[in-house]
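Enquirer: So you can see what is in the structure, the chains are spelled out below.
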Amino acid sequence: MSDNTAKQANAVVQVEALTVDFWERQGWLNVVNRVSFNIYPGETLGLAGESGCGKSTTGYALFGYRRPGSRFREGAIYFEGRDLLTQSETELRAIRGDQICLVPQNPATTLTPSMRVGQQVVEALEAHHICSGREADERTIDLFAQVGLPQPKAIAKRYPFQLSGGQQQRVVVAMALAGNPKLVVMDEPTTALDVTTQARILKLLARLQAERGLSALYITHNLGVMAQVADRVAVMYAGELVEVAPTAEFFRNPLHPYTRGLIAAVPRLSAPNESKVKLRGLLRREELPQGCRFAPRCPFAQSECFTQPQPLITVGQDHQVACWLWQSVAEKQGVAE
Amino acid sequence: MTNATLLDVQKLEITYGASQLPRFAQRRKPQPTVREVSFAVAAGETLALVGESGSGKTTIARAVAGLLAPSQGQIRFENQDITVPIERRSRDLHRQIQFIFQNPDASLNPRQRIADIIGRPLEFFFGLSGSAKKRRIEELLEAVHLASSYARRFPSQLSGGERQRVAIAQALAAEPKLALCDEIVSALDVSVQATILDLLKELQAERGIAYLFIAHDLAVVRWLAHRVGVLYRGQLMEIGTSEEVFSPPYHPYTEMLLQSVPEPDPNLPLPAGDERAAEPTDAGSRQGCPFASRCPRKVGTICEQERPPWQTVGPTHAIYCHIPVAQLATMQNVSP
Chain A
1 MSDNTAKQAN AVVQVEALTV DFWERQGWLN VVNRVSFNIY PGETLGLAGE SGCGKSTTGY
61 ALFGYRRPGS RFREGAIYFE GRDLLTQSET ELRAIRGDQI CLVPQNPATT LTPSMRVGQQ
121 VVEALEAHHI CSGREADERT IDLFAQVGLP QPKAIAKRYP FQLSGGQQQR VVVAMALAGN
181 PKLVVMDEPT TALDVTTQAR ILKLLARLQA ERGLSALYIT HNLGVMAQVA DRVAVMYAGE
241 LVEVAPTAEF FRNPLHPYTR GLIAAVPRLS APNESKVKLR GLLRREELPQ GCRFAPRCPF
301 AQSECFTQPQ PLITVGQDHQ VACWLWQSVA EKQGVAE
Chain F
338 MTNATLLDVQ KLEITYGASQ LPRFAQRRKP QPTVREVSFA VAAGETLALV GESGSGKTTI
398 ARAVAGLLAP SQGQIRFENQ DITVPIERRS RDLHRQIQFI FQNPDASLNP RQRIADIIGR
458 PLEFFFGLSG SAKKRRIEEL LEAVHLASSY ARRFPSQLSG GERQRVAIAQ ALAAEPKLAL
518 CDEIVSALDV SVQATILDLL KELQAERGIA YLFIAHDLAV VRWLAHRVGV LYRGQLMEIG
578 TSEEVFSPPY HPYTEMLLQS VPEPDPNLPL PAGDERAAEP TDAGSRQGCP FASRCPRKVG
638 TICEQERPPW QTVGPTHAIY CHIPVAQLAT MQNVSP
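As you go down the protein sequences, you meet chains A and F in turn. Note that the first sequence covers residues 1 to 337 in the working numbering. Note that the second sequence covers residues 338 to 673 in the working numbering.
Honestly, the hints are just simulated from the structure, not real lab data. Using N, Cα and C, we set each Cβ at its ideal position, and we do this for glycine too. A portion of the hints provided could be inaccurate.
[Unchecked claim] If you anchor each label on the Cβ, the simulated ranges turn out as follows: (1) F/His482 / A/Gly81: 20 to 26 Å; (2) A/Arg82 / F/Ser390: 51 to 57 Å; (3) A/Arg93 / F/Ser584: 25 to 31 Å; (4) F/Glu539 / A/Gln26: 36 to 42 Å; (5) F/Ala377 / A/Thr191: 58 to 64 Å.
[Stated by the list, open to error] Footprint (simulated), chain A over chain F, 3 or more residues, beta carbon under 8 Å: (6) 470 to 476; (7) 502 to 512; (8) 519 to 533.
[Unchecked claim] So these bits of chain A aren't anywhere near chain F, every CB distance computed over 12 Å: (9) Ala136; (10) Ser164; (11) Thr190.
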């Protein structure tokens, strides 16, 4: 919250104690609870977790986007020294799509079906007063070439339905890059694609990011993709961050019982016969304990876990975990039965 | 898996939009979506069909279920020809082949309680009612590890994984010999997915159900399936046991698929391959190998002009490719 922290680092974006509630029938339901993280220049922070854990809500908050029927109860998101959560809609509109851009999950629902894809990019360029007219047309063709679309001129004249899923996603990426983004939020950008297409798009994103020095928040539930794209990984459970670590450390030495269960549940090509140790039970938002929200499903849980909230504690180089039992968890080889 | 053949599909060809119009009125002959697909499923075994979207996986399952009429070929079930539309199939045949859909939100009636959803096949196939039906519903819920109190709930009161369990229980209610599972875990979180896969294995061990398991996630398939068929643009490229398909020699397309899967290991590099969009492929290349235009191991014009042979690698393993198997093996002698 303090101005000091806002200035201290050279982070592109600083999220501090972000807390978001949704209005449900009975009242306010907490979906993101005191989530804090920074994203540094050129870095990709991966955000992982099961559906409903609040990862997309957190990602969209980086735009100052508030879903109807939700509120930012607490926290701040500093981008270029300004708190996005206190900006007006007009100010946000100047930032969104220009300096912070989004690559959403499903290109088919992102693109307007009745408009030629080239025109859609031209519109984005004009909306952000980047260029217009013939210049915008040329810029669009250039962007299409940059995202590896074959025959960019011909593609620009097509409608979304005439393109494959991978081509559509490339158009969306081109549109996201139309402005001059410093930060890109990628919300499961390859989940809807075939693996072969996914591999191509991941390579493309990696190159574009390196060329432009872009920072990214990469939201995905696919830990395989995560291992390939992220510099650091943050895991959310029931609206809270439970572990943050550099990618190599994260996969080599996961410490939170939830993270361990999540990694163990991923089916792997390389180890098909390894028995899959599963996470027990399900996340039940109505029955969250006062303390650690994972406690009801945790095989290591003790009575204190249910009453004592677990903040992130630093346990190693850039490695944070929200579990006071992390040492005894680490000693247990393999994962919980 | 030396059990008797349950399902036998021979030279299946399915063409969308075919045969509705007289030939003279057809502008262009519609191209088949599925061509020359042959495979068999033994009782109690899992055959997975994998491939990219548009490869014809679901189309094949729908034809087996009788929801689509094939334009060529034959589908046999327990040595009986069942290549007939669903309305001409007997009630008992319906019972023995059950379909489980990808999205339980769409396949479960939101206005029915779970008891009604599972109870319907019990009435329809077995004429159960009253306390006998109630008992059976409880047994089925127990089989999919749901509490009997779930019977009174509506689908909207369940999580995605629980709903998929109900869909499985509904299929089980018919006591099928074959379940057609169309991407039934792809919409679920990994942890939930793992529990559903476990459940499928358990039910198979208990009840000897065979699965035709349609999926695009190769890691899931490797874990669950006994045998795997790899489809590309409606044609089988490779078929064999899980062990065989997932180790070299591979069909070049299988190889490409396997190389594209990102593994949860940051020490591995990004999957191999180009970052540029795949060139639009020519669907009309009828003569050659359908994969020729994308194949990184293409040997020459023969790939585009001549249909590849089915090469036998072993008694249960075959690859549809011009490149001799021995040569593929030397090329691919590095593990994926």
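Enquirer: Now, for every hint given, state plainly whether the structure supports it.
Expert: How the hints compare with the structure:
{"no.": "1", "hint": "F/His482 / A/Gly81: 20 to 26 Å", "result": "53 Å, violated"}
{"no.": "2", "hint": "A/Arg82 / F/Ser390: 51 to 57 Å", "result": "42 Å, violated"}
{"no.": "3", "hint": "A/Arg93 / F/Ser584: 25 to 31 Å", "result": "54 Å, violated"}
{"no.": "4", "hint": "F/Glu539 / A/Gln26: 36 to 42 Å", "result": "37 Å, holds"}
{"no.": "5", "hint": "F/Ala377 / A/Thr191: 58 to 64 Å", "result": "34 Å, violated"}
{"no.": "6", "hint": "470 to 476", "result": "violated (count 0)"}
{"no.": "7", "hint": "502 to 512", "result": "violated (count 0)"}
{"no.": "8", "hint": "519 to 533", "result": "holds (count 7)"}
{"no.": "9", "hint": "Ala136", "result": "23 Å, holds"}
{"no.": "10", "hint": "Ser164", "result": "8 Å, violated"}
{"no.": "11", "hint": "Thr190", "result": "9 Å, violated"}
Hints 1, 2, 3, 5, 6, 7, 10, 11 from the list above are not met by this structure, while the remaining hints are.
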